[in-house]
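Just so we're aligned, residue 1 is where the sequence shown starts under full-length UniProt numbering, counting upward by one.
Heads up, some of the hints might be wrong.
Claimed, not checked - Quick list of in silico lysine-lysine cross-link-like pairs, DSBU-like style, CA-CA up to 35 Å:
no., residue 1, residue 2
1, Lys260, Lys81
2, Lys260, Lys128
3, Lys260, Lys210
4, Lys81, Lys21
5, Lys21, Lys93
6, Lys128, Lys93
7, Lys210, Lys162
8, Lys260, Lys93
9, Lys81, Lys93
10, Lys128, Lys197
11, Lys160, Lys93
12, Lys93, Lys162
13, Lys162, Lys81
14, Lys21, Lys197
15, Lys162, Lys197
16, Lys197, Lys260
17, Lys197, Lys160
18, Lys93, Lys210
19, Lys166, Lys260
20, Lys21, Lys166
21, Lys128, Lys166
22, Lys162, Lys128
23, Lys210, Lys197
24, Lys197, Lys166
25, Lys210, Lys128
Said to hold, decoys possible - Pair by pair, the computed Cβ-Cβ distance ranges are:
no., residue 1, residue 2, range
26, Asp94, Glu233, 34 to 40 Å
27, Lys260, Asp94, 32 to 38 Å
28, Lys197, Lys166, 31 to 37 Å
29, Gly199, Gly257, 31 to 37 Å
30, Thr132, Gly56, 25 to 31 Å
31, Lys210, Asn156, 33 to 39 Å
32, Asp96, Gly218, 37 to 43 Å
33, Leu165, Thr202, 34 to 40 Å
34, Arg79, Glu233, 35 to 41 Å
35, Lys197, Asp96, 37 to 43 Å
36, Trp246, Leu90, 31 to 37 Å
37, Ala167, Glu233, 34 to 40 Å
38, Arg79, Gly218, 38 to 44 Å
Keep in mind the hints are simulated off the structure, nothing from the lab. A virtual CB, placed ideally from N, CA and C, is assigned to each residue, including glycine.
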Amino acid sequence: MAIYAIGDVQGCYGELQALLKLIRFNADTDTLWFTGDLVNRGPASLETLRFVRELGDAAVTVLGNHDIHLLAVAAGGARLKAGDTLDAILAAKDRDDLLNWLRRRPLMHTQHGYSLVHAGLPPQWSMKDAETNARSVEALLSGPDYHPLLAHLYGNQPDKWKESLKAYERHRFIINCFTRMRYCGADGRLDFTETCKPGDQTPGLIPWFKLPSRRSRGANILFGHWASLGYHEHDGCIGLDSGCLWGGELTALRIAGGPKQRYSVGADVRRMAG
1 MAIYAIGDVQ GCYGELQALL KLIRFNADTD TLWFTGDLVN RGPASLETLR
51 FVRELGDAAV TVLGNHDIHL LAVAAGGARL KAGDTLDAIL AAKDRDDLLN
101 WLRRRPLMHT QHGYSLVHAG LPPQWSMKDA ETNARSVEAL LSGPDYHPLL
151 AHLYGNQPDK WKESLKAYER HRFIINCFTR MRYCGADGRL DFTETCKPGD
201 QTPGLIPWFK LPSRRSRGAN ILFGHWASLG YHEHDGCIGL DSGCLWGGEL
251 TALRIAGGPK QRYSVGADVR RMAG
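Input sequences plus hints: build the corresponding full structure.
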């Protein structure tokens, strides 16, 4: 009964199947934890979404920024962007079932000594704060009146947490933390412009997991979202997005049911280029 955490798939269905074959995944006994971004930019978003949904309790996935973007487009709160590969989902006969399932996925999942998120946690939050804030937005997104939330989703402000934040500013900040953040300033402000690997960033910016003031220090946090970072471990935080979409690898990490072990398959670059 193993648990494997898997980095961003983003519609790379063929690589996902190759990875599951490599780890000898058994849906009757094993569980897959996905870091989010199941869909978009890759060639088989519909197949990936259907597959993970059909796994039922054998799969846990948190929401990533591309998953949220799909929901916003479907709800009329956003438009497709250049490079999006979401048309097949939006035109599918089972579209509504897939989207209703997706919007009920969590922003954060904690079990077996690990917490799973897509992007990161701001330094002002303890793990208890993160859980509370995740649940507050999940309740809105999974409820019947979720459209206004998605209509007010986009934007980089506010960029620093205050407990006094209200309504859509509060919700936007929470979603941005869980699904978009990479770097912070020393004062804890989020930066959404830098996507480069550490060492190449603008002076003064710090990877969120390296901030000395981070209140979530000591927790084991699994995350994705950062393809240029690649597989990375630091102070209990493990980055699992190894850039499959960009010709890198799709990575799984066994976190329970056996020794901690990493598995990877290379991207099918020729198919991706086509």
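Taking the hints in turn, this is what the structure says about them:
1. Lys260 with Lys81: Status violated; Cα separation ~38 Å.
2. Lys260 with Lys128: With Cα atoms ~26 Å apart, Lys260 and Lys128 stay inside 35 Å; holds.
3. Lys260 with Lys210: This hinted pair holds, its Cα atoms lying about 23 Å apart.
4. Lys81 with Lys21: holds, 33 Å
5. Lys21 with Lys93: holds, 29 Å
6. Lys128 with Lys93: violated, 40 Å
7. Lys210 with Lys162: holds, 21 Å
8. Lys260 with Lys93: Answer violated: Lys260 to Lys93 is near 40 Å, above 35 Å.
9. Lys81 with Lys93: holds, 23 Å
10. Lys128 with Lys197: Holds, because 29 Å separates the two Cα atoms, which is no more than 35 Å.
11. Lys160 with Lys93: Cα-Cα ~41 Å, so violated.
12. Lys93 with Lys162: violated, 43 Å
13. Lys162 with Lys81: Answer holds: Lys162 to Lys81 is near 31 Å, not above 35 Å.
14. Lys21 with Lys197: holds, 30 Å
15. Lys162 with Lys197: holds, 28 Å
16. Lys197 with Lys260: holds, 25 Å
17. Lys197 with Lys160: Given pair Lys197, Lys160 holds - Cα atoms ~22 Å apart, limit 35 Å.
18. Lys93 with Lys210: violated, 45 Å
19. Lys166 with Lys260: violated, 41 Å
20. Lys21 with Lys166: violated, 46 Å
21. Lys128 with Lys166: holds, 19 Å
22. Lys162 with Lys128: Holds, because 16 Å separates the two Cα atoms, which is no more than 35 Å.
23. Lys210 with Lys197: At roughly 13 Å apart (the allowed maximum being 35 Å), Lys197 and Lys210 satisfy the hint.
24. Lys197 with Lys166: holds, 33 Å
25. Lys210 with Lys128: Since the Cα atoms of Lys210 and Lys128 sit roughly 19 Å apart, the hinted pair holds (cutoff 35 Å).
26. Asp94 with Glu233: 34 to 40 Å: Roughly 38 Å apart at Cβ, these two residues keep to the hinted range, so it holds.
27. Lys260 with Asp94: 32 to 38 Å: holds, 37 Å
28. Lys197 with Lys166: 31 to 37 Å: The hinted range 31 to 37 Å holds for Lys197 and Lys166, with Cβ atoms some 36 Å apart.
29. Gly199 with Gly257: 31 to 37 Å: holds, 35 Å
30. Thr132 with Gly56: 25 to 31 Å: Holds, since Thr132 and Gly56 (Cβ atoms, about 28 Å apart) stay within the stated range.
31. Lys210 with Asn156: 33 to 39 Å: About 21 Å separates the Cβ atoms of Lys210 and Asn156, which means 33 to 39 Å is violated.
32. Asp96 with Gly218: 37 to 43 Å: holds, 42 Å
33. Leu165 with Thr202: 34 to 40 Å: violated, 26 Å
34. Arg79 with Glu233: 35 to 41 Å: Holds, since Arg79 and Glu233 (Cβ atoms, about 38 Å apart) stay within the stated range.
35. Lys197 with Asp96: 37 to 43 Å: Since the Cβ atoms of Lys197 and Asp96 sit about 39 Å apart, the hinted range of 37 to 43 Å holds.
36. Trp246 with Leu90: 31 to 37 Å: Violated - the Cβ-Cβ distance for Trp246 and Leu90, about 24 Å, lies outside 31 to 37 Å.
37. Ala167 with Glu233: 34 to 40 Å: With Cβ atoms ~37 Å apart, the hint holds.
38. Arg79 with Gly218: 38 to 44 Å: holds, 42 Å
In summary, the numbered hints that this structure violates are 1, 6, 8, 11, 12, 18, 19, 20, 31, 33 and 36.
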